[in-house]
Structures are given as structure tokens and as C-alpha cells.
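Q: Letter by letter, the chains look like this.
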Amino acid sequence: MSVLPYAVAAWLFGIGLYGIATSRNFIHLVGCLGVCQSATYVLLLGLGYRWGGIAPIFYDHPPGTPAVDPVMQALVLTDIVVGATLTALLLVLTIQAHKRGGSLDPEKLRPMRAGGTSGRGQGASRVSDREQSTS
Amino acid sequence: MSPRVRIALLALAALVLLPGAAEVIAGLPPFGSTIAQYGERINAITPEARHVANMVSAINFDLRGLDTLGEEFMLLAAITGTVVLLRGRRGEGNTGHAMRRPGRAVIPRSEAVILACRIAGPLTALFGLYVVLHATVTPGGGFQGGVILASGTLLIYLGEGYAGWRQAIHSHWLDALEGGGALLFALCGLVPMLTGAAFMQNILPLGIFRDLFSGGLMLVENLGVALAVTGGFTQLFLEFMEETRAADEAEEPGEESA
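Chains as they are written, first to last, in the numbering used here: chain A, 1 to 135; chain B, 1 to 258.
In short, the hints are calculated from the structure, not lab data.
A virtual CB, placed ideally from N, CA and C, is assigned to each residue, including glycine.
One thing to keep in mind: the hints can contain errors.
[What the hints assert, rightly or not] Listing some non-contacts, in silico: residues in chain B with all C-beta distances to chain A over 12 Å:
1) Ile79
2) Pro108
3) Leu155
4) Ile169
[As the list claims (entries may be wrong)] Listed below are several chain B residues computed to face chain A (Cβ distance under 8 Å; list not exhaustive):
5) Pro30
6) Ser151
7) Leu154
Taking the hints into account, I'd like the entire structure generated from these sequences.
A: Right under this line is the structure:
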């Protein structure tokens, strides 16, 4: 019973990783990364938990009452905030990849041309990318 | 790489890493029996030393304030990157007003939705302010309250529509909120040095334990975080929403690359 939280964390991380490895869609991939990240929430909160401990807020309970680990809770807070903004950043990169490649499939991601024919030629190279990937 | 090869590689990596992972998991403390000594000491000392009741805020804004400063700038960098990527190809000029895609119908909202949002919006904002202000006494703080405040602004969008939302929310204000919040946090670290104290040392009066204005410098840092998170997350909503309004790029053959 005492390993259940750690097992849940490992399971979440595992299925998230499996989803990332087999993903055929960038949005699905970002979601899988979120699943991986929730494994870290479970792990951190599990590490900081103590049976019978109160939340580390000594307003209703006097200081000195056994409480759970506040460091882990602060870490999870950091984790959530960073995760939310990074998800936004990754979704923007997804939008960019879709605009350039016309596809959300990681398999069809092609290297970006380093502006060989100036930025104006971007539309043409995108079309040729699409032809390559369908052939 | 075909999906089958990818799965095979993943399984191979898992096989290699599994013994190490099992070793680490077996070495973890049993769940629920004890907590780390560091957290134990913080719980024991901080209420008297900093006059605050919420240990999580005490760690975020005082004991490990430097780490939160780093997190704050990570947030700033991620949001700046998002905005630059989204705004880059739209151009700076057209963000001041609501854009509408030609040909997209404007669906009128039912009066019930408008009424519900007009009631819930201010209440959500009030609750967000409450959570922000009570950072040092009850569960709450700048991060959580800031996100609630940002969702309050989203209710304006739901109730008043996009054009009304853009009239109420100005992109430049959001930039100022976000950058100003981060600046305020950085100043909280630097100003104590002018008095000869250490970086981010709590030089303000600490106040009374369990009082709303306890914690000294933590309150200012908390306010900075709340401003940055509110501005940043609203900015994210705004930029993503604007993205759905951008005209199809297929109609512009000579578009600039982002």
C-alpha cells in the first residue's frame, strides 16, 4: 500500500512517455507531455506526505501541529505554473509547424530551410515539402 | 522512423533504465511515514521567524525567494516567446483592435449567458483579489490568485463577445502588467541591498502573526507575482484568440516568415 503513490507516478510517466513516442499529432503530443508532468506532481506530493499531517498553513491549527512538507507543495506550485506556460509555448510551436509544413504529424516534420531563397520563397518551398511527403 | 521502430527503441530504453529506476524507487522513504528534515525545520521555525501562517508562501517569497525570481523570469520568457511567435507574422500594428475574419458570422449570445457572465465576472475578480491578498495567512498567493484574475477577464469575453473584450483589455497594459510585475519582484531583491542588507532580505516590518498584512517584503513580492501572472495569462488568451482571427495565409502568397 505504501508504494501506491509512487506506482501511480511511475504509471503516469510511463503512459505519457508511450504516448509521446507513438504520437501522430503534435497537439496529442503536448497533451502526453502534460500527463508525464502530472507524474511529477504525484511524486512530489507523495514524497512530502505524512499520515495525519495538516496542510502547512498554521492559521486554524497552532504552529507545531504535524504538517506535510511545505517544500514539496511549493515545488508543485512552481511545476504547475511553468507547465502551463510551456504548454502555451509548445502549442504556438505547433501552430508554426502546421503553418510551415501543413501537417500536425511529427512524421512529416521536415527541416526548415535556412532562408536560402529569402523569406519570400517560403510559400513555394512549403508546397514542395508537401509534395515530397506525399510521394 | 516508423512507429514500430520508435516503440522498440522506447522498450529498449525502458529495459536499460528500469533497474536503476527500481533501485531509486526502493530507496525512497515509505509513503506517509516521515517528511524531509528541511520541511520539518521550516514548519517549526518559520511561523515565529517570519510571522506568516502559510508556509508555502513563506518558501516561495522569502526562504527560497531567489528560486521564485528565476521561475518568474522563466514565466516571462515563455510568455514573451509565445507572444513573439504569434505576433511575429501578424505584425505589431494590428493588435490594438479586434480583428474579424471576413465571412465569419457573429453569433449573438443569449441574454442568460450575458447576465451570468456579468454577475460571475466581478465575483471571480473579487475572489482572485482575495486569494492574492491572503497569501501569507490562508491558502493562496500571487500565482493562484493571478490565474483566477485572468480567468475573470475571460468571463468578459464570454459575456460581451470578442470586440467588447478587446475594448476592455488593452494589449499594452498587459505588457506593462507582466513586465512591471517581474520588475517589482526583481526590485524586491535589489532594494534591500541599498540598505546594506543581503539580496531579498526581509527588511520591512513583519507585522502580526495571522494578520492580513504580515510577512513584510513577502506582500510586495506576492503583488509582483500576481501582476505578472494576471498580465501574462491574459496576454496568452489574447494572442491565441487573435490567432483564430488571423486571415488564412493561403491568400497571401508573399507572406513574411515568422
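Q: Please go over all the hints and tell whether each is borne out by the structure.
A: Going through the hints against the structure:
Remark: the non-interface label on Ile79 (chain B) conflicts with the geometry, its nearest Cβ contact in chain A lying 6 Å away (cut-off 12 Å). No Cβ of chain A comes within 12 Å of the Cβ of Pro108 (chain B); the nearest lies about 29 Å off, and the non-interface call holds. With a minimum CB-CB distance of about 19 Å to chain A, Leu155 (chain B) clears the 12 Å threshold, and the non-interface call stands. The claim that Ile169 (chain B) lies off the interface holds: its Cβ sits roughly 17 Å from the closest Cβ of chain A, which is beyond the 12 Å cut-off.
Interface hint at Pro30 (chain B): satisfied, since its Cβ lies 5 Å from the closest Cβ of chain A, which is below the 8 Å cut-off. Nearest Cβ of chain A to the Cβ of Ser151 (chain B): about 12 Å, over the 8 Å cut. The hint is violated. Given hint, Leu154 (chain B) at the interface with chain A, is violated; its Cβ is 14 Å from that chain's nearest Cβ, farther than 8 Å.
Checked against the numbered hints above, the structure breaks hints 1, 6, 7 and satisfies the rest.
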